[in-house]
Amino acid sequence: MRNVIEANALKLAYPRHEPVIKSATFEVNTGEFVFITGASGSGKSTLLKSMYGSMPLFGGELHVGGMDMGSISGSKLYKLRRHIGIIFQDYKLIKEWSVEKNVMLPLIIAGFPKDVCRAQAQKLLTHVKLSHKSDKYPLELSGGEQQRVAMARALAHNPFLILADEPTGNLDDYSSQVVWDLMERANEELETTILVVTHHIPEMFSAQYRHLMIENGVIYEIH
Amino acid sequence: MRNVIEANALKLAYPRHEPVIKSATFEVNTGEFVFITGASGSGKSTLLKSMYGSMPLFGGELHVGGMDMGSISGSKLYKLRRHIGIIFQDYKLIKEWSVEKNVMLPLIIAGFPKDVCRAQAQKLLTHVKLSHKSDKYPLELSGGEQQRVAMARALAHNPFLILADEPTGNLDDYSSQVVWDLMERANEELETTILVVTHHIPEMFSAQYRHLMIENGVIYEIH
Amino acid sequence: MRSIRHHLALILPLFAILFCIEYLLVFDRITESYENRLKENYSLILVADRSVKLSDISHCDTLIEKTEPIDAENVLRRIKAGLNHESVEKIRSIMPLFISIKLRRYAGIERIERLKSELMSIAGVRDVHIFEKVHDRLYAMLLFMKISFTVFSMLIGAISLLLLMKQMTIWQFEHKERMQIMSLFGAPVWLRSGVLFRLAIVDALLALIFVVSALLYLVNDSSVRELLSAIGIEPEIILRLDDAAVLAGVSFAIATFSATWVVLRFKEEQ
Amino acid sequence: MRSIRHHLALILPLFAILFCIEYLLVFDRITESYENRLKENYSLILVADRSVKLSDISHCDTLIEKTEPIDAENVLRRIKAGLNHESVEKIRSIMPLFISIKLRRYAGIERIERLKSELMSIAGVRDVHIFEKVHDRLYAMLLFMKISFTVFSMLIGAISLLLLMKQMTIWQFEHKERMQIMSLFGAPVWLRSGVLFRLAIVDALLALIFVVSALLYLVNDSSVRELLSAIGIEPEIILRLDDAAVLAGVSFAIATFSATWVVLRFKEEQ
Ligand SMILES: Nc1ncnc2c1ncn2[C@@H]1O[C@H](COP(=O)(O)OP(=O)(O)OP(=O)(O)O)[C@@H](O)[C@H]1O
Ligand SMILES: Nc1ncnc2c1ncn2[C@@H]1O[C@H](COP(=O)(O)OP(=O)(O)OP(=O)(O)O)[C@@H](O)[C@H]1O
Ligand SMILES: [Mg+2]
Ligand SMILES: [Mg+2]
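Chains as they are written, first to last, in our numbering: chain Z, 1 to 223; chain L, 1 to 223; chain X, 1 to 270; chain D, 1 to 270.
Any given hint could be a false lead.
Heads up, simulated EDC-like pairs for lysine to aspartate or glutamate below, C-alpha to C-alpha not over 20 Å straight-line [stated by the list, open to error]:
1. K53/D - D127/D
2. K92/L - E174/X
3. K129/Z - E215/L
4. K136/Z - E184/L
5. K79/Z - E268/D
Keep in mind the hints are simulated off the structure, nothing from the lab.
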C-alpha cells in the first residue's frame with residue numbers, strides 16, 4: 001500500500017482570501033502517529049479539512065488513502081470518509097441525537113445492524129468514561145464530555161486514519177490522559193494512522209512521535 | 001462595597017438531575033484573580049452560569065455584585081449582566097455579525113454612540129492581534145481566533161467582573177500569553193475581579209493567585 | 001433577494017387574510033342588496049273572479065305589501081283591432097280579474113308556496129302564478145357563492161395563519177441565537193427584539209397598501225365594472241372607508257402579535 | 001404535538017392546492033353544463049306576417065338551430081270560450097305569426113342583439129322578443145363566480161406554495177446540521193435525507209386522503225345536495241375518478257419536489 005497521506009507542494013486557500021497553506025510537502029506512512037502544531041490561525045484545521053475533502057485544493061497534490069483529493073468524485077469521497085475518524089475542533093455532535101446514537105453514527109453509515117452498533121458504542125463510551133451519559137443529549141453535557149463523545153465517535157468504526165483537531169483542549173489532565181491512551185492503543189493494536197493537531201504535545205509522546213509545524217503557510221518537520 | 005461574590009452553601013442542579021454543585025461556600029473580593037479547576041464535568045461551567053443568573057439556585061445563597069441571585073428580577077439581572085464580561089466555553093459569538101460588531105455588543109447594549117463603540121472595539125481587537133480580521137464573520141475564523149474575539153468582547157465595556165470559561169483551550173502558547181497578559185492588566189489597572197475556569201493554570205500565575213477546585217460537587221480552596 | 005422572500009412570507013398571508021375579509025364584507029352587502037332587488041322584482045299574478053275584494057287579498061298575509069289590479073286593456077288591445085266592439089265587450093266581461101301582488105321582502109321559495117296556498121284558499125281565486133323560478137335560482141346561486149367564498153376564505157385564513165406561524169418559527173430559528181447571546185450580555189427586550197417589530201410593522205403596512213391598491217384597481221377597472229353591472233352590483237360597494245379601517249386594524253394586530261409571540265416564546269437556554 | 005404541527009404545515013397547503021384544483025375542475029364542468037342549459041332555455045319569439053317563410057329565417061344566421069311556428073290555438077283557447085266561432089276565426093286570421101327560435105349555443109347578449117337586428121331586417125318581421133334578461137344575469141353571475149374562484153384559487157395557490165417553501169426552509173434549518181455532519185462521515189444522500197422523503201410521501205398521502213374525504217362528504221351531504229340541485233347542478237359532477245388521479249399526481253409531485261429541493265440545496269459548509 002502507498003503512504004496514507006502524501007502532500008506535494010499542497011496549496012490551500014479560502015475563496016477570495018490569501019492562501020492559508022502556501023506549500024506543504026510531506027508524507028505520512030501507515031501506522032504513524034504525527035503531531036501538528038502551529039500558531040492560532042496558522043492553518044492547522046484547514047490542512048485537516050483538505051484531508052477529508054472538505055476543502056478544494058488550490059494547488060499542488062494531495063493523496064489520502066491512495067485517493068487523489070484534487071479530483072476525487074462525490075461517491076468515492078464518501079467511501080473514503082467512511083474509513084476516516086475525525087474529531088472536529090468544535091466537536092460537531094448531532095444535537096437531536098442521544099450521545100449513544102452520536103457514537104453509533106459511523107457504524108450506522110457503514111450499515112451494521114442496530115445491536116452491533118449499540119454494543120460497540122457502549123464499549124467506546126465506557127472507554128471515555130461516559131457510559132453513564134449515553135442517554136443524554138449533547139447539549140446536556142459539559143464541554144469536556146462533548147469532546148470525549150467526539151473521540152468515541154471517531155474510534156467507533158476502527159478507521160484506518162484518525163484526524164484529531166485539538167482533542168484535549170477542554171479536558172483536564174486525567175481525561176486528556178484517557179484520550180491519549182485510547183489513541184495510542186488504536187495506533188499500536190490496529191496500526192491506525194493518527195494525525196493530531198494540538199497546542200500541547202503530551203510530554204511522554206514528545207520525543208517518541210513525529211512532529212510537524214505550520215508557520216507562515218509552510219510545513220516544517222520538527223522531528 | 002461588599003464582596004463581589006459571596007456563595008454560602010450554594011447548591012446547583014439541572015432539572016431532573018442529581019445536583020452538580022452540592023455545597024459551595026466561598027467569597028471573592030474586589031480585585032481578586034481566582035482560578036477554578038476541576039475534572040471534566042465537575043461543574044465549573046455550571047458554577048459560572050449561576051454567577052450570571054443563567055442557572056436558578058437549587059439551594060443556599062449567592063450574591064454577585066451585591067445582588068441576591070436567588071431572588072433577582074429580570075430587569076435587575078439584565079442590569080447586572082451589563083457590567084460583567086463573560087468568555088463562554090463555546091465562545092457564543094453572533095454568527096450574523098462581523099467580528100467588530102461582536103466586540104461592540106456590550107457597548108451597544110450600554111448605549112454608547114457608534115463611533116465610540118467602534119474605536120473601543122478596534123483597540124481591543126488590536127490587543128488580541130485580530131485587527132486585520134475585524135470585517136470577517138465568526139465562521140471565517142479559526143477556533144483560536146474566535147476565542148480571542150470572545151476575549152475582546154468580554155473586556156470591551158470595562159466590566160467589574162470577568163468570568164472566563166477555559167479562555168485558552170484552543171490557543172497556542174503565544175496567544176495564551178496575550179490573553180493572560182490582558183487579564184492581568186485589567187486586574188491590575190482597573191481592579192477588575194477575575195474568575196477563570198481552566199485546566200492549565202499558567203506557571204507564572206500559579207503561586208501568585210488564588211486557586212479553587214471543585215471535586216464531587218464541593219469547592220475546596222487550594223491556596 | 002433573500003430579504004424580499006422573507007418580507008413576502010409575512011406580506012402574502014396578511015394580504016390574503018385582508019383580501020378575504022374584504023371579500024366577505026362586500027359579499028354580505030351584495031347579498032343584502034340582492035334580497036332587496038328580488039323583493040322588487042318578485043311578482044305574483046293572481047287570477048280571480050271579478051267578485052273578489054282586493055282588501056281580502058291584501059290582508060291574507062303580512063308578506064303582501066301591495067295589490068294592484070292589472071289593466072286588462074293591455075291584454076285586449078292587441079287583439080281588438082280586428083274585432084267588433086260587441087265582441088270586445090264580451091271578451092272583457094268574461095275575462096278574469098288579474099291582480100299583481102308586491103311583497104314586502106324576498107322570502108324564499110317555501111314561504112312563497114305557503115303564501116300561494118293561502119291565497120288559493122280564498123273563495124273565487126282561480127289561480128296564482130308565481131314568476132320566480134329564475135329569481136330563486138339566482139338567489140340560490142348567490143347563496144352558493146357565499147358559502148363557497150366562506151369556505152375559500154376559511155381555507156385561506158387557515159393557511160395564512162399557518163404561514164404566519166411558519167414565518168415566526170423561522171424568525172425564531174434566525175434570531176434565537178442572537179437574542180440569546182444579547183440577553184446574556186444584559187440587552188433589554190426592546191433592544192434584542194427591535195428588529196423583529198420593525199420588520200412586522202413595515203410588512204403590515206405594505207400588505208395594507210397592496211390590498212387597498214388591488215381593490216382600488218378592481219373598482220376602477222372597466223371590465224370589472226362591466227361584469228359587476230351585468231350582475232347588477234354597483235362597484236362602489238367594494239372598499240368603503242370603514243372597511244379600510246378594519247383592514248388596517250387587522251393587519252397591524254396580526255403583525256405585532258406575531259412578533260410578540262416570537263419574543264415571548266424566547267427563553268434563555270441553560 | 002410539535003410533529004403534528006409540522007405535518008400540518010405540509011398537509012394544509014397541499015390540501016388547499018388540491019381543493020382549488022378540484023374546485024376549478026368542477027367549476028369548468030358547471031359552466032359548461034350551464035351554457036348548454038342556457039342554450040336550451042334561451043328563447044326568442046318572433047312576430048311576423050303570415051307571408052314570411054320559415055326557411056328565410058332559418059338561414060338568416062348560423063346561430064339559429066331550429067325555427068318553429070307557435071300554435072296560435074293556445075293563445076286563442078283562453079278567450080274563445082265566450083266568443084262565437086266567426087269572431088274567433090277572424091281573430092285567428094289577423095293574428096300575427098308567432099315563431100319560436102332555438103339557438104345552437106348560448107352566445108352572450110351582444111351576439112344576440114346582432115341576431116335580432118338581422119331578423120328585424122327581414123321583410124314582414126314585425127317584432128322579436130328576447131326572453132333572456134335573467135338568464136343572462138345568471139350567466140354573468142356564473143362568470144363572476146368563476147373569475148372570483150380563480151382569483152381565490154391563485155391566492156391560495158400562492159400562499160400554499162410559500163407555505164411549502166417556508167416548511168422547506170424550516171426543514172433546512174432543522175436538518176442541515178445533521179446532514180452536514182452525516183455527510184462529513186460519508187453518509188450517502190439517501191441515508192441522510194431518507195427522513196425527509198418519508199415525511200414528504202406520508203404527508204402527500206394524508207393530504208390526498210383528506211381532500212377526497214372532504215369532497216365525498218360534500219357530495220353526500222344532504223344540504224349541499226339540496227343547494228346544488230337548487231342551482232341545477234348534479235352533485236355527481238364533484239369528484240370523478242380521473243380527478244382523483246390528477247390530485248394524487250399533483251400531491252406526490254409537490255411533496256417529493258419539496259424534499260428534493262431541500263436535499264439539492266444542501267451544500268457542505270467549509
Ligand atoms: N443543560 C444540562 N442539562 C443537564 N445536565 C447538564 C447540563 N449541562 C451540563 N450538565 C451536566 O452537569 C455536569 C457539570 O457540567 P459542567 O458543564 O458544569 O462541567 P464542567 O466542569 O464545565 O466540565 P468541562 O471541563 O468538561 O467543561 C456534567 O455532568 C454535565 O453532564
Ligand atoms: N471559512 C473561512 N473563510 C475564510 N477564512 C477562513 C475560514 N476558515 C478559516 N479561515 C482563516 O484561515 C486561517 C487558518 O484557519 P485555521 O482554522 O486553519 O487555523 P488553525 O491553525 O486551525 O487555528 P486555531 O489553532 O486557532 O484553530 C485563519 O486566518 C482563518 O481566519
Ligand atoms: Mg483550528
Ligand atoms: Mg465547562
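Hint check results:
no. : hint            : verdict
1   : K53/D - D127/D  : holds (15 Å)
2   : K92/L - E174/X  : holds (15 Å)
3   : K129/Z - E215/L : holds (16 Å)
4   : K136/Z - E184/L : violated (38 Å)
5   : K79/Z - E268/D  : holds (16 Å)
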